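Protein chains: 2
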Amino acid sequence: MEFTVVGAGMAGAFLALVLGRQGHTVTVYERRPDPRVSAVHTTSMNLGLSERGLKALDRLGLREEITRHVVPMRGRLVHGHDGSVRFSTYGRGGILAIQRHDLGILLIEAATRLPNVRFVFGTRCVAVDKDLPVADFVDDAGHAFTVTPDVIVGADGAFSVVRKHMQRDERADYHQEFLEWGWRELHIPAGADGRHRMADDVFHLWPRGETMMFAHPNLDGSFTCSCVLPFRGPRSFDALRTSDDVEALFRELFPDVLDLVPDVGKVFLDQPTFKLVTTRTSPWHHEGKVVLIGDACHAVYPFLAQGMNAAFEDGLELADSLAAFPDDPEAAVERFYQRRKPHTDALAEMSRQNFAELRDTVRSPAVRLEKACDVVLEKALRHRWMPLHAMITNTTMPYAEAQERARRQRRILQAVVAAAGMAMVGGLMRRLR
Amino acid sequence: MEFTVVGAGMAGAFLALVLGRQGHTVTVYERRPDPRVSAVHTTSMNLGLSERGLKALDRLGLREEITRHVVPMRGRLVHGHDGSVRFSTYGRGGILAIQRHDLGILLIEAATRLPNVRFVFGTRCVAVDKDLPVADFVDDAGHAFTVTPDVIVGADGAFSVVRKHMQRDERADYHQEFLEWGWRELHIPAGADGRHRMADDVFHLWPRGETMMFAHPNLDGSFTCSCVLPFRGPRSFDALRTSDDVEALFRELFPDVLDLVPDVGKVFLDQPTFKLVTTRTSPWHHEGKVVLIGDACHAVYPFLAQGMNAAFEDGLELADSLAAFPDDPEAAVERFYQRRKPHTDALAEMSRQNFAELRDTVRSPAVRLEKACDVVLEKALRHRWMPLHAMITNTTMPYAEAQERARRQRRILQAVVAAAGMAMVGGLMRRLR
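Each protein sequence line maps, in turn, to chains D and S.
Quick note: the first sequence uses this note's numbering, first residue 1, plus one each step.
Quick note: the second sequence uses this note's numbering, first residue 434, plus one each step.
It should be emphasised that the hints constitute simulated quantities derived from the structure, not laboratory data.
Only a predicted model underlies this, so the values are computations on that prediction, with no experimental measurement involved.
Beta carbons are placed, not taken as given, at the ideal position from N, Cα and C, and that holds for glycine.
A portion of the hints provided could be inaccurate.
Stated by the list, open to error - Residues from chain S that keep clear of chain D, each with C-beta distances beyond 12 Å, as calculated:
{"#": "1", "residue": "M434"}
{"#": "2", "residue": "R464"}
{"#": "3", "residue": "P505"}
{"#": "4", "residue": "E542"}
{"#": "5", "residue": "G575"}
{"#": "6", "residue": "G860"}
To be verified - Straight-line Cα separation of at most 25 Å, SDA-like style, residue types lysine to any residue; simulated pairs:
{"#": "7", "chain 1": "D", "residue 1": "K341", "chain 2": "D", "residue 2": "D150"}
{"#": "8", "chain 1": "S", "residue 1": "K708", "chain 2": "D", "residue 2": "G182"}
{"#": "9", "chain 1": "S", "residue 1": "K597", "chain 2": "D", "residue 2": "T273"}
{"#": "10", "chain 1": "S", "residue 1": "K708", "chain 2": "D", "residue 2": "E180"}
{"#": "11", "chain 1": "D", "residue 1": "K341", "chain 2": "S", "residue 2": "E610"}
{"#": "12", "chain 1": "S", "residue 1": "K488", "chain 2": "S", "residue 2": "D535"}
{"#": "13", "chain 1": "S", "residue 1": "K597", "chain 2": "D", "residue 2": "V138"}
{"#": "14", "chain 1": "D", "residue 1": "K164", "chain 2": "D", "residue 2": "A190"}
{"#": "15", "chain 1": "D", "residue 1": "K275", "chain 2": "S", "residue 2": "D562"}
{"#": "16", "chain 1": "S", "residue 1": "K597", "chain 2": "D", "residue 2": "Y174"}
{"#": "17", "chain 1": "D", "residue 1": "K164", "chain 2": "S", "residue 2": "A605"}
{"#": "18", "chain 1": "S", "residue 1": "K488", "chain 2": "S", "residue 2": "D753"}
{"#": "19", "chain 1": "D", "residue 1": "K164", "chain 2": "S", "residue 2": "D569"}
{"#": "20", "chain 1": "S", "residue 1": "K597", "chain 2": "D", "residue 2": "D129"}
{"#": "21", "chain 1": "S", "residue 1": "K488", "chain 2": "S", "residue 2": "G508"}
{"#": "22", "chain 1": "D", "residue 1": "K130", "chain 2": "S", "residue 2": "D671"}
{"#": "23", "chain 1": "S", "residue 1": "K597", "chain 2": "D", "residue 2": "G182"}
{"#": "24", "chain 1": "S", "residue 1": "K597", "chain 2": "D", "residue 2": "E180"}
{"#": "25", "chain 1": "D", "residue 1": "K164", "chain 2": "S", "residue 2": "Q455"}
{"#": "26", "chain 1": "D", "residue 1": "K275", "chain 2": "S", "residue 2": "T714"}
{"#": "27", "chain 1": "S", "residue 1": "K774", "chain 2": "S", "residue 2": "Q455"}
{"#": "28", "chain 1": "D", "residue 1": "K275", "chain 2": "S", "residue 2": "E767"}
{"#": "29", "chain 1": "D", "residue 1": "K164", "chain 2": "S", "residue 2": "W614"}
{"#": "30", "chain 1": "D", "residue 1": "K130", "chain 2": "S", "residue 2": "P663"}
Chain D on its own, in the form it takes in the complex (with noise of 0.2 Å):
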């Protein structure tokens, strides 16, 4: 079949990658240019691969080429207010540190390897025909032409033009919310014998409440940084005017990593401000003609750093079910609907309610109790507990498993947590007798 892929990101490279090792023709058109050429400016936190991104790479035999452009992180290293540390393992594989840029020209390598996928970049889609299927598309230079495939597929992110001409006069679900919340990059450079200048082997963060800041290790000594903050509010991007400002919140929130970012007053302000958005969708497919993958039906919010996950997920999926109905496109799109989206959904909640967890930096007594006795559990139970974010992580447990999994947990160390307490007040008042 002939596939046309609107979107050459993390999600439309890989599908492209794994339809034309199936033998179908691809062509993937990005408005963007080619990242094998120009640093394209991104939009989107460094990435984290874990067991199901890495396992959907193993598949297509590039995990060996990929683990030359990772750095492991074994876990995560906790920065207090006052400069202590506190580290927590990811347990198992850990996670995989690695380059937007870098993965994404490796995938659109091995893809163009294959005779029958090919790339057209700095090409914009502006209109989809769903019952044909057309696509529209206009060029750099301004020159517009249609195409006519077999299928189309919508892998061009959270405001996907696909999905909106897809969805128009249809009875069509769709949610979308903004965190108030955004986030800027920094860059802490390498230190002059070339080396990281903090630990390079885990994902720092520096959870404040209200704001967090957290740290990627790159394979040049260097780190990338994210630093998450209200856009309103006294410690706010609203409120930080000058480069003293900035550099007074370092001081405040930040103090150790105010000399590791040269002249962070100013590279700050320059910085663009990304948001953080969520959405959710149905339908996903239009008669086995248009379907979209990725952030086109599930943005997420990034505090599972699970996005490009699940997109390779969708990727398998959705190849795995055209192959099942080789000449029922329709069927095939409709199974890999329902294969996914109960565990895009998961995910999406799992997502919104991580972001709490990791800034939270106050936790009341029996939170904490809590995950201690998470901790303890997995120890002693192995297999049979996990805690949620070692399920996401290190398993390819399908994500509404994992959440369901992790709700009858919470409820039995809820139980348990109040008989410990009944057993502590009942000793008390033994005392007190």
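Starting from the known structure of chain D, fit chain S onto it as the hints suggest.
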């Protein structure tokens, strides 16, 4: 101040009248033709004017004029499967049935009596620049022009063009959901004697579980019926392909209507099917330069018949807010948003819940007992106890308050029913001893 209102539906026409009375200069642009000249094809059910809407019209001195166009409905007449009927009163003022076309003309005529209010029909809003603010229009002759008022009001319905332009590049939450049900309109003409062929002082309802029908009396002896069916499934729009299919469905579910609608099979198939959408969004305004009202910011399902009543409340609240901050439109529209948003959210939720209530035929004994207690308590406690429908229909209590009060009452009812159940079981056990 100078206002441009986009949309001359219920929300826009009413607002033009209120703002005009306050001395503002108002121009209303509407893409449809002038309803005073041509019969507009509507995509909305017949209207039920309840206390909220009536109070709003009263404030504008229109109550007397309105009452010449309405048919009072004193309650709901439920038609059973077997031809039996069951009446339940709406209490106090009842609900006034009125045809959208009549009320639209009445509002437009009242507004154009003011020298500072003007309507321009057959003119479509194509773009808004929210920061100036500027609105671009194209009229039916293809002539394009631009207006630069102080404030642009989007009263252009659920798929508002003003909203789309106002929220572009903003962190705007937006939620849209369609029901799996749609509806078609049917007409029961007056009898040979020019009189109604069913009771003319009630709202007629045929609840049938997955489907339902209802009918509003018109002044001319006819009824306007709305048939609500699922889009897909055994008894659905999809399944009704021939006039025989339609007649078989009516014979099975609505036998008493079969003879009242001439040639129902053919007529039904010729009617368009309307979708049912609910939307929720924020923000509602941009810096006091652009603001949304009515369906443009909170379309609700029609099952509490409050869409128009809520749009009138919006109009009054916006006008009151502008009067409260005559020199600060930004503060005015923010006050408007703060005072309306919780209530329109509550209305959306209650309207959704009432759909199941309306079409439901089989009720558990516990629910029946609850309903019965609800009525008894209303009579016994008078002003201190009021069923939800009465609070929505017969009062101007803000929607979120009505919702909260109904929740409290529900908890009490459930406790009463549980206690009654326990007493019964106790009595039974004593007998068995």
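Results for each hint:
1. With a least CB separation of 27 Å from chain D, M434 (chain S) remains clear of the 12 Å interface cut-off, as annotated.
2. With a minimum CB-CB distance of about 17 Å to chain D, R464 (chain S) clears the 12 Å threshold, and the non-interface call stands.
3. Here P505 (chain S) stays apart from chain D, with its beta-carbon at least about 35 Å from theirs, past the 12 Å limit.
4. No Cβ of chain D comes within 12 Å of the Cβ of E542 (chain S); the nearest lies about 34 Å off, and the non-interface call holds.
5. Distance check for G575 (chain S) against chain D: the nearest CB is about 22 Å away, which clears 12 Å, and the non-interface claim stands.
6. For G860 (chain S), the condition that its CB be more than 12 Å from all CB atoms of chain D holds, with the nearest at approximately 37 Å.
7. Between the alpha carbons of K341 (chain D) and D150 (chain D) the distance comes to roughly 23 Å, so the proposed pair stays at or under 25 Å and holds.
8. With a C-alpha separation of about 36 Å, the suggested pairing of K708 (chain S) with G182 (chain D) is violated against the 25 Å cut-off.
9. The straight-line distance between the Cα atoms of K597 (chain S) and T273 (chain D) is roughly 22 Å, inside the 25 Å bound, and the hint therefore holds.
10. Straight-line distance between C-alpha atoms of K708 (chain S) and E180 (chain D) comes to about 33 Å, which puts the hinted pair past the 25 Å bound.
11. Restraint check for K341 (chain D) and E610 (chain S): the C-alpha separation of about 16 Å stays at or below 25 Å, so the hint holds.
12. The suggested pairing of K488 (chain S) with D535 (chain S) holds, with an alpha-carbon distance near 18 Å, which does not exceed 25 Å.
13. Between K597 (chain S) and V138 (chain D) the alpha-carbon distance is near 23 Å, which keeps this suggested pair within the 25 Å criterion.
14. Straight-line distance between C-alpha atoms of K164 (chain D) and A190 (chain D) comes to about 43 Å, which puts the hinted pair past the 25 Å bound.
15. Proximity of K275 (chain D) to D562 (chain S) is assessed by CA-CA distance (about 22 Å); at most 25 Å being required, the pair is judged to hold.
16. With a C-alpha separation of about 14 Å, the suggested pair K597 (chain S) and Y174 (chain D) falls inside the 25 Å cut-off, and the hint holds.
17. Between K164 (chain D) and A605 (chain S), the direct Cα distance comes to roughly 17 Å. Compliance with the 25 Å bound is thereby established for this hinted pair.
18. Under the criterion of a C-alpha separation no larger than 25 Å, the hint pairing K488 (chain S) with D753 (chain S) is consistent with the structure, at around 15 Å.
19. With a C-alpha separation of about 23 Å, the suggested pair K164 (chain D) and D569 (chain S) falls inside the 25 Å cut-off, and the hint holds.
20. For the given pair, K597 (chain S) sits about 22 Å from D129 (chain D) by alpha-carbon distance, which is consistent with the 25 Å threshold.
21. Between the alpha carbons of K488 (chain S) and G508 (chain S) the distance comes to roughly 20 Å, so the proposed pair stays at or under 25 Å and holds.
22. A threshold of 25 Å between alpha carbons decides the hint, and for K130 (chain D) with D671 (chain S) the separation of about 21 Å falls inside it, so the pair holds.
23. For the given pair, K597 (chain S) sits about 22 Å from G182 (chain D) by alpha-carbon distance, which is consistent with the 25 Å threshold.
24. The hinted pair formed by K597 (chain S) and E180 (chain D) meets the criterion: a straight-line CA distance of about 20 Å does not exceed 25 Å.
25. Taking the CA atoms of K164 (chain D) and Q455 (chain S), the gap is near 41 Å; set against the 25 Å cutoff, the hint is violated.
26. Straight-line distance between C-alpha atoms of K275 (chain D) and T714 (chain S) comes to about 17 Å, which keeps the hinted pair within the 25 Å bound.
27. Our distance criterion of 25 Å between C-alpha atoms is met by K774 (chain S) and Q455 (chain S), whose separation comes to about 24 Å.
28. Proposed proximity of K275 (chain D) and E767 (chain S) is supported: the alpha carbons are some 23 Å apart, at most 25 Å.
29. Restraint check: the Cα-Cα separation between K164 (chain D) and W614 (chain S) comes to about 22 Å, which is no more than 25 Å; the hinted pair holds.
30. Restraint check: the Cα-Cα separation between K130 (chain D) and P663 (chain S) comes to about 24 Å, which is no more than 25 Å; the hinted pair holds.
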